[in-house]
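Undergrad: If you want the building blocks of each chain, they are given just below.
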Amino acid sequence: MSTASTANALRAALIAGVSGVIFAAGLALGGMLDPRKVQGFLDVGGIATGRWDPSLAFVMGGALVVALLTFERVRTRETTWLGAPISLPVRRDIDSRLLLGAALFGVGWGLSGYCPGPAIASLLPGSKDVLWFVAAMAVGMVLARLWMRRSEAVE
Amino acid sequence: MHPYLLSFLGGLLIGAAVWLLIMGLGRVAGVSGILAAAINDPRHSLWRIAFLGGLVAGGAWFVREFKLPTVTVAATPTLVVAGLLVGFGTVLAGGCTSGHGVCGLGRRSLRSLVATLTFMATGAATVAIVRAVSGGAQ
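Chains as they are written, first to last, in this note's numbering: chain H, 1 to 155; chain C, 156 to 293.
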């Protein structure tokens, strides 16, 4: 690796690291590191009885306001501050994998109150159970990749 | 400060992290995609490992600073099953709460809207079933 590309890689890692810290701060401030609040949001049966906890909606709302403005800006901008290309997801299809995957993810999310971000951010302060969850999540990701590759080979 | 306002401010910060990663690196801050790619190809994932490291370190730091509770809501075997489902499902769907729920909706992607509505629906159904089975004691 040349000196210039090493410097670029380190600069990118620094920006990504800061982004991860800010992401964690947002999750912490928003109460999303507490899986009870996540389950409290998914507990829509509690809307009528006043038990419902809408915190997650406020977190997603706040994040979405900034995300909408950011991606609006990206539409008229092709490169990053460092001059690198901006790579956005290109898929637009709604296939059975999207539906099945999202459905399975939701079941795991409801059972645990954890989606990937909060689980990873809870790794150090949480109990050993968080480690079990994240390890199982990593295994699930590898299994999904193997399964997708195998079914593509069959097709 | 009202807790919902804190939640909204937390959301703005998450949005700021998304903005920084797009403008600085040209990458979408989808946590499941970043983790899956880092596992699959760690040698070419320096920025991904740095992002995940920031998430881990930041989580530890802010839990201590804000004196946040750290609890889990299910027994270990349930958490393992849940982890497998979350890992398998997010890779299959190509995103999670951040990738589809925040960035995808931020891009006004119909695909991400469908994914988000689907995982919210099955998440809500799961919580309803867990409550019913546990006699609403939870």
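Treat the hints as calculated values from the structure; they're not laboratory data. Yeah, the Cβ is synthetic: ideal placement off N, Cα and C, and Gly gets one too. It is possible that some hints are incorrect.
[Claimed, not checked] Estimated spans, in silico, between C-beta atoms of each pair:
(1) C/Val-288 x H/Arg-77: 28 to 38 Å
(2) C/Val-288 x H/Pro-54: 20 to 30 Å
(3) H/Val-44 x C/Arg-263: 23 to 33 Å
(4) H/Arg-97 x C/Ser-289: 39 to 49 Å
(5) H/Arg-91 x C/Ala-280: 20 to 30 Å
(6) C/Arg-263 x H/Trp-81: 18 to 28 Å
[To be verified] Capping the alpha-carbon separation at 25 Å, the derived lysine-lysine pairs in BS3-like fashion look like this:
(7) H/Lys-37 x H/Lys-128
(8) C/Lys-222 x H/Lys-128
(9) C/Lys-222 x H/Lys-37
Undergrad: Is 28 to 38 Å respected by the C-beta to C-beta distance linking C/Val-288 and H/Arg-77?
TA: Check failed, 50 Å falls outside 28 to 38 Å.
Undergrad: Quick check on a hinted range of 20 to 30 Å for H/Arg-91 and C/Ala-280, using CB atoms only.
TA: Since the Cβ atoms of H/Arg-91 and C/Ala-280 sit about 26 Å apart, the hinted range of 20 to 30 Å holds.
Undergrad: H/Arg-97 and C/Ser-289, beta-carbon distance inside 39 to 49 Å?
TA: Taking Cβ atoms as reference, H/Arg-97 and C/Ser-289 lie about 32 Å apart, which means the hint is violated.
Undergrad: Given the hint of 23 to 33 Å, is the C-beta distance from H/Val-44 to C/Arg-263 inside that range or not?
TA: holds (25 Å)
Undergrad: What's the verdict on C/Lys-222 and H/Lys-37, does the C-alpha distance respect the 25 Å limit or exceed it?
TA: OK: C/Lys-222 and H/Lys-37 at ~16 Å, within 25 Å.
Undergrad: Tell me if the beta carbons of C/Arg-263 and H/Trp-81 are separated by a distance inside 18 to 28 Å.
TA: Because 24 Å falls inside the window, the suggested range holds.
Undergrad: Is H/Lys-37 within 25 Å of H/Lys-128, Cα to Cα?
TA: holds (20 Å)
Undergrad: Compare the distance between the alpha carbons of C/Lys-222 and H/Lys-128 with 25 Å, and conclude whether the hinted pair is satisfied.
TA: With a Cα-Cα distance of about 19 Å, the restraint between C/Lys-222 and H/Lys-128 holds, given a limit of 25 Å.
Undergrad: With 20 to 30 Å as the target window, see if C/Val-288 and H/Pro-54 comply at their CB atoms.
TA: Distance hint for C/Val-288, H/Pro-54 holds at roughly 24 Å.
This entry does not satisfy hints 1, 4, going by the numbered hints stated previously.
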